[in-house]
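Protein chains in written order, with my numbering: chain A, 16 to 126; chain B, 2 to 116.
To be clear, the hints were calculated from the coordinates, so they are not data collected in a lab. Accuracy of the hints is not assured; some may be wrong.
[Claimed, not checked] Simulated pairs of lysine to any residue, SDA-like, Cα-Cα distance not exceeding 20 Å: (1) B/K45 with A/K73; (2) B/K45 with A/Q60; (3) A/K73 with A/I62; (4) A/K118 with B/A3; (5) A/K118 with B/G86; (6) A/K37 with A/S24; (7) A/K86 with A/S43; (8) B/K63 with B/V84; (9) A/K118 with A/L26; (10) A/K118 with B/K45; (11) A/K57 with B/V84; (12) B/K63 with B/K28; (13) B/K28 with B/K45; (14) A/K37 with B/H30.
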Amino acid sequence: GENVEQHPSTLSVQEGDSAVIKCTYSDSASNYFPWYKQELGKRPQLIIDIRSNVGEKKDQRIAVTLNKTAKHFSLHITETQPEDSAVYFCAAGGSNYKLTFGKGTLLTVNP
Amino acid sequence: NAGVMQNPRHLVRRRGQEARLRCSPMKGHSHVYWYRQLPEEGLKFMVYLQKENIIDESGMPKERFSAEFPKEGPSILRIQQVVRGDSAAYFCASSPPSGSYNEQFFGPGTRLTVL
Numbered sequence: 016g017e018n019v020e021q022h023p024s025t026l027s028v029q030e031g032d033s034a035v036i037k038c039t040y041s042d043s044a045s046n047y048f049p050w051y052k053q054e055l056g057k058r059p060q061l062i063i064d065i066r067s068n069v070g071e072k073k074d075q076r077i078a079v080t081l082n083k084t085a086k087h088f089s090l091h092i093t094e095t096q097p098e099d100s101a102v103y104f105c106a107a108g109g110s111n112y113k114l115t116f117g118k119g120t121l122l123t124v125n126p
Numbered sequence: 002n003a004g005v006m007q008n009p010r011h012l013v014r015r016r017g018q019e020a021r022l023r024c025s026p027m028k029g030h031s032h033v034y035w036y037r038q039l040p041e042e043g044l045k046f047m048v049y050l051q052k053e054n055i056i057d058e059s060g061m062p063k064e065r066f067s068a069e070f071p072k073e074g075p076s077i078l079r080i081q082q083v084v085r086g087d088s089a090a091y092f093c094a095s096s097p098p099s100g101s102y103n104e105q106f107f108g109p110g111t112r113l114t115v116l
């Protein structure tokens, strides 16, 4: 089955800096890669996703890149703000609709 | 348009009791997924259901766990004879019937504590 590795497990940045979180996946059949943000005690919220026919997608301060050959994808957050502090999860999905999640990255943005 | 609803939000059970977790998908969504999240862990897929059908239950333990999504009413995740290791947050997600690939929207979760 699919296996998703996520790094780093914790990331601390200063407000205004950029943050990058990286994920690798194992199943070449995976074609959908969402990113979720989860605040403490809350539900995971979809913040951006990318499909395998696209190499990069951007939404304001958030961007995701996908390298299908290397089987890795990354989340980039620019101009970080304290409210970006949360746990971020990457996931990979295929035609079976099942999502396999990474273990998460705790992002702390220091004012 | 209400999001995915789950109840109860918190559930406390003693070992050996049964736990029933309910999930109502977003309006117009016919696909339901259940995930389990242990403390400081990612979400682990348990089961994927459509109305009256279990499509994929490969992530669900073979014993004590069952799930259903009846024609009417919410999806139910049932855990019989709970043990301490079942303590976790259980999240339900739903997605539209077609088109949007795997785009899944999550409910607020049920936090199960087994004493």
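These are the hints, each one checked on the structure:
Restraint check for B/K45 and A/K73: not satisfied, since their Cα atoms lie roughly 27 Å apart, outside the 20 Å limit. For the given pair, B/K45 sits about 16 Å from A/Q60 by alpha-carbon distance, which is consistent with the 20 Å threshold. For the proposed pair A/K73 and A/I62, the alpha carbon gap of about 11 Å is at most 20 Å, so the pair holds. Taken as a hint, the A/K118 and B/A3 pair is broken in the structure, with Cα atoms around 29 Å apart against an allowance of 20 Å.
Between A/K118 and B/G86, the direct Cα distance comes to roughly 19 Å. Compliance with the 20 Å bound is thereby established for this hinted pair. Proposed proximity of A/K37 and A/S24 is supported: the alpha carbons are some 10 Å apart, at most 20 Å. With a C-alpha separation of about 7 Å, the suggested pairing of A/K86 with A/S43 holds against the 20 Å cut-off. Taking the CA atoms of B/K63 and B/V84, the gap is about 15 Å. The hint holds against a cut of 20 Å.
Between A/K118 and A/L26 the CA atoms are separated by roughly 14 Å; this keeps the pair inside 20 Å, and the hint holds. As the CA atoms of A/K118 and B/K45 are separated by approximately 10 Å, the hinted pair is consistent with the 20 Å bound. Simply put, A/K57 and B/V84 have alpha-carbon atoms about 24 Å apart, too far for the 20 Å limit, and the pair is violated. For the suggested pair B/K63 and B/K28, the alpha carbons sit about 30 Å apart, so the restraint of at most 20 Å is broken.
Note on B/K28 and B/K45: the hinted pairing is violated, with a Cα-Cα distance of about 24 Å set against a maximum of 20 Å. Our distance criterion of 20 Å between C-alpha atoms is broken by A/K37 and B/H30, whose separation comes to about 31 Å.
Checked against the numbered hints above, the structure breaks hints 1, 4, 11, 12, 13 and 14 and satisfies the rest.
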